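Here are the chains, one letter per residue:
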Amino acid sequence: MDLELAPQHEAFRASVREIAQGVVEPLAADVDRRHRFPEEAVVAAAEAGLMGVLIPRDYGGAGLDALAFTLCIEELAQACASTAVIIDVHTSVGSEPILLFGGEEQKRKWLPRLASGELLGAFALTEPAAGSDAASLKASARRVGGDYVLNGTKVFITNIGRAGLYIVFARTGPDERAAGISAFIVPADSPGLRVGQLFRKMGLKGSPTGELVLEDVKVPVANLLAAEGHGFTVAMRALDAGRIGISGQALGIAQAAVDQARAVLAEKPRQQGDDFALVDMATRVESARLLAYHAAWLCSAGRPFTRPASMAKLHCTDTAMDVAIDALQLAGEEGIIAGSPFERHLRDAKALQIYEGSNQVQRHVIARDLLKYG
Amino acid sequence: MDFELSEEQVAIRDTIRELVQDKVAPRAAEIDEKAEYPKDIEELFAHNGILGIPFPEEYGGISGSSVTICMGIEEIAKACATSSLILAVQALGSYPILVAGSEEQKKRLCPPLASGEKVAAYALSETGSGSDAAALKTRAKRHGDEYVLNGTKQFITHGSIADTLVVFAQTDPEADHRGISAFVLEREKSPWQATKLEHKLGIRGSPTAQIVFEDVKVPLANRLGEEGAGFKIALAVLDRSRPGIGAQALGIAEGAFDYALNYAKERNQFGQAIANFQGIQFMLADMATQIEASRNLVFRAATKVDAKSPDLTKIAAMAKLFASDMAMRVTTDCVQILGGYGYISDYPVERMMRDAKITQIYEGTNQIQRVVIARSLLR
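Going line by line, the protein sequences match chains A and B. So in the working numbering, spot 274 of the first sequence is number 274, and the numbers just go up one at a time. So in the working numbering, spot 74 of the second sequence is number 74, and the numbers just go up one at a time.
Isolated chain B (complex conformation) (with noise of 0.2 Å):
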């Protein structure tokens, strides 16, 4: 066992460390507040090497490694979720390329995701199939060299602002799940359109958007796998990305802890600080103790998916499950800590709360993780 992070991870985090503190802090109320697309913190992002953590080297990347991926969304979350997930993202919407892609598509699709030239999204949910992905309707028909692409999608994250999308759709409806295959569409040569961006409780300067596809053609070079393989790429996506939201979640709840830390040490209340009363201290080394049960369980997924383990989808739903109930119960204590001005917005950690929320629903809600831990359990 090992639970140190190597030298290289420890300057890509100490490299992150500061760009969030110097540059994406000071912008998070505001990012929240107008619930704009921080295209300054994406590009800050691109120029510092933070979206080359998803891929390898050899497709123009520094990492690939999920334990760094999962180290530089923690890193960011602490201070803006939004932001986090301009990083989680560009990894989420480039995995079914690297898990699925051929070599030539990896060599072609990746160079401009890892430089920040594009940008990435997934593109799985629709209005009827959330939980029950595999009933999704979104048709693509092969006509000669390309597929043409029908539907509509639901819930898609960076959906209206990416550059490169991957898109789950049925391409032999009688087969069921089987019948899905997975496409990669770039803008420039098959353009969708974005009809809706949703207002959310939280992450609001993420745009989430809804996606319509109306005769988009995508060439047959576009597809990943064979046809009918696009469920199992979606669920391998899944247990690699299940580790990045748990590290999000990880980190939002870290970011209202160390506030509200201070904040007990610094408020006064009855002729002396906060932090004095028991009360408190014990709110506080529960939230301690949860926030490391989580982390370790975070980052043991991820050393799990780099090491492709076998027990990899338990553990990353685990994992997922763990820090994301966590980051909800850490982060409503600290605006309770904070009292009345943790429920105003001059303070981060109602902001900090609302975006620990979506934790529990996204890349699988959390009753689906405990379908699927169940079914690994039960087995």
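Chain A on its own, in the form it takes in the complex (with noise of 0.2 Å):
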């Protein structure tokens, strides 16, 4: 049993932390601010190779497994949650669907271009009547001749308008539930792709959310990942994974909380009760961490993981929303005010508990595999 990170994984660390503090952190409050897409930070990081982290070296990836890319996205997450969820989606949900799912053709094609950064990845799954149900979900795919003509609307799409490709997951059979789905790669600039509804919300503002509405979108059939009535098992198996990133995530924005709440700690009196405040929340964020890189270590070694995910993505996201909050009480005045990074925080942590799977979902998950393999 060794619970350190091993030396590679810490010098990794190391090289995202400089990016990250160096050019994604001074960004963050005007990112927030004005509602915008962090493209410095997002153009920095595909310089970084940080755009195709799981993406093998032979698709021109960096080739790292599932711990380097927590880490990777909580470093990020610490100096700015908005660019974290970008680089997240694209790496985790709109890429590993190709990496796990692809034909060899399909990987040659597109993972290349992923792990440069030259396109973004989006996931899209979500109706406005299919969230947590994802299984029930509406969009339909229609084989006609060469090419599957796909029709619907999807929401809550991270990356949206960014986005070179989106993973579409759509129903081409008569089954009304899960063995119905087919995923498809649907390139943005296919005609009928739009952009429909963008929405504001209370946190990660510089990160696109909206609609994506295809109206007749051709796609040829090479787009079509997996078998079909296999997009359900796509989509799972890329939430599961997804939900490790999202952990990252919250683990970065909760250790972003601790540390600014510590640096206003001590230039006060000390009080015991902030004291002991502050050692919960710092405690919570360890036991949170290593539950985060065991998932990712049973994922890097090709283990189960599902039951690890959903309960690190459980832990850590509500680690996050607490420990946000508990850092403003004990900013004070200074934290309530608009701009400061205590504020930004519990508004960016309450998203971490609704999507991948709300929280309600996961604990769901978990219950039913409980039952199931005690």
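Hints were generated in silico from the structure; no laboratory data involved. Just so you know, these numbers come straight off a predicted model, no measurement behind them. Honestly, I wouldn't trust all of these hints.
Okay, the calculated beta carbon distance ranges per label pair [what the hints assert, rightly or not]:
(1) B/R13 <-> A/P128: 45 to 53 Å
(2) B/D311 <-> A/E18: 21 to 29 Å
(3) A/P26 <-> B/M1: 26 to 34 Å
(4) B/T127 <-> A/D65: 53 to 61 Å
(5) B/D22 <-> A/E18: 50 to 58 Å
(6) A/K268 <-> B/R187: 50 to 58 Å
(7) B/Y343 <-> A/D322: 26 to 34 Å
(8) B/G271 <-> A/K372: 16 to 24 Å
(9) A/R200 <-> B/F277: 34 to 42 Å
Capping the alpha-carbon separation at 25 Å, the derived lysine to aspartate or glutamate pairs in DMTMM-like fashion look like this [stated by the list, open to error]:
(10) A/K372 <-> B/D14
(11) B/K308 <-> A/E10
(12) B/K265 <-> A/D369
(13) B/K357 <-> A/D275
(14) B/K196 <-> B/E33
Ideal placement from N, C-alpha and C gives every residue a C-beta, glycine not left out.
Bring the two chains, given one by one in their own frames, into a single complex with the hints.
Now the structure itself:
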């Protein structure tokens, strides 16, 4: 048993930290205030090779493991949660389905462009009436000759309008639930694909979120990912891994909140009540960190990790929210002023309890697994 | 990173698991009810080498690894917290010798502890010095080649049954905590009296004694480290023993959780198993998640003991704090899941809830853990 990071993981973390603190963090307040895409941060991340962390070297990526990916997102989120989720969604649910389920030709065609950052990836599963109950989605894909014709509306799509390709889930078969769903690689410039409403959010304001509208979008058969009817498997596997990334994002926000609260306390006369609050925050973050790393380690080792990933997502994101609230409390008036990192962390953290499977869905996943396997 | 136990550790764990299932679990309710020290379980552990886990091979033991100790305590505590203290306190009472003893002292004192022929205990607390351990009053005066001890120790786990007792006493009261020294008392040479056994909420089979020293003579050869080094030794020992209490809390929580999970699957109300209700499912999911989070922290602290990491103090305190608070919440929720049956002693979860409480108090209260952690965070 060795619960410390290996030297190569420590070195990778340090290299991400340099970009995160040097380039990403100074933009964070402005990105939040102006609701703008952190273009410079994403470009810097691409130049540093952070858009292809999980993509093998053969396809132009860095060929690192899930633990390295978690560290990458954790470090980025410590600087700017918006930048972190843009890169997280791109890397996990936006690219990994092609890596895991794509044919050789699909991998050669798309992965190098995703790894370099030329294309930003996105994931289009959720619909207005299919959130936690993803298997009830309604978007359709009808086979016409050598193409599928896609119709439907997707919502809450991260990287909307910025993505170069969307992994879209639509119904190909007669089955009304999971077995009728297929996955497609849909380039953003496909005719009939357009951005619908853009959402204004309470947090993660630099990360664009909105509707993806598909009106008779023709997608070549070559862009079908995995077999017809296997789309739901693709989505669930992508989300399992995605949950590890979100755990990393939560850890980053939580650690930033702890560090900033500690800095505030260091300037004030010591009060035991404040000290104890900080201790409880820091202790929770430590417990959450290991849960995330454990899930990532299992994933890297090719072992089952669905339950650990759900536990990590649940505990890390609940911790981020609680810690963000407590950090603001310790900061007092300074924390509540718009533009302070404390109020931003609080707004950013809330999204994490909701997306990538709400924490109620995580509890459902964990309980189902417990009742089945003990 | 590697989250796996070694093959050797897995083999030790499986042995313990089997013994616990066959011999310890069936005794747990009776041990609690009668509040009697389970000498039979101590002998069982001694015969099977379990009491040798805290010691390296060169001192007659089988491991010496904190990870292995924590794993052992966790496994035993799943069934019986009292029995888990037999291993935990053997480790606690031996750490001072392993941490600060000379080679001669280790070679002489450890083998009978490792074999289980002798039982160890640790005497730091006094009536007037609990969390403020540095305020202890027990006096050790040197006369030639021996020390003479006078004073009273409070809340000494296994103090009445131990053969070997590590005692912290003032050799130079003027020097405050720098005047504290550590001694190993061997009962046959330096007999002490257990004057009172406490009646307790939990860990009822584990004797908690008040101990009185009246002109007890201890040979110079049994002083650990230099005069005045005692407080430092006590703190170093607590860094090593706290992950073990975290492991105990973890085991208690797991024992209660496993019981509640099975109960929820079998208990029918409103025509179906209560495990079908989402309210119960979410409680189970939260408990399992908190248990997993605690396990990682406990074993991280244990690996830091083994690696002698500089940030051991902070992580060990975090592990003890987080795991014991978790155990209290989880066992309370397990009682809740069993409802009325959870509240009665026909079912084990109320005992586990009572046992969990002490893990928030001993080996440094959780308030003291927070002080320790705050000191390292805000340094």
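Each hint tested on the structure:
no.: 1; hint: B/R13 <-> A/P128: 45 to 53 Å; verdict: 51 Å, holds
no.: 2; hint: B/D311 <-> A/E18: 21 to 29 Å; verdict: 23 Å, holds
no.: 3; hint: A/P26 <-> B/M1: 26 to 34 Å; verdict: 32 Å, holds
no.: 4; hint: B/T127 <-> A/D65: 53 to 61 Å; verdict: 55 Å, holds
no.: 5; hint: B/D22 <-> A/E18: 50 to 58 Å; verdict: 56 Å, holds
no.: 6; hint: A/K268 <-> B/R187: 50 to 58 Å; verdict: 52 Å, holds
no.: 7; hint: B/Y343 <-> A/D322: 26 to 34 Å; verdict: 30 Å, holds
no.: 8; hint: B/G271 <-> A/K372: 16 to 24 Å; verdict: 21 Å, holds
no.: 9; hint: A/R200 <-> B/F277: 34 to 42 Å; verdict: 38 Å, holds
no.: 10; hint: A/K372 <-> B/D14; verdict: 23 Å, holds
no.: 11; hint: B/K308 <-> A/E10; verdict: 19 Å, holds
no.: 12; hint: B/K265 <-> A/D369; verdict: 13 Å, holds
no.: 13; hint: B/K357 <-> A/D275; verdict: 23 Å, holds
no.: 14; hint: B/K196 <-> B/E33; verdict: 19 Å, holds
Every hint, counting from the list given before, is met by this structure.
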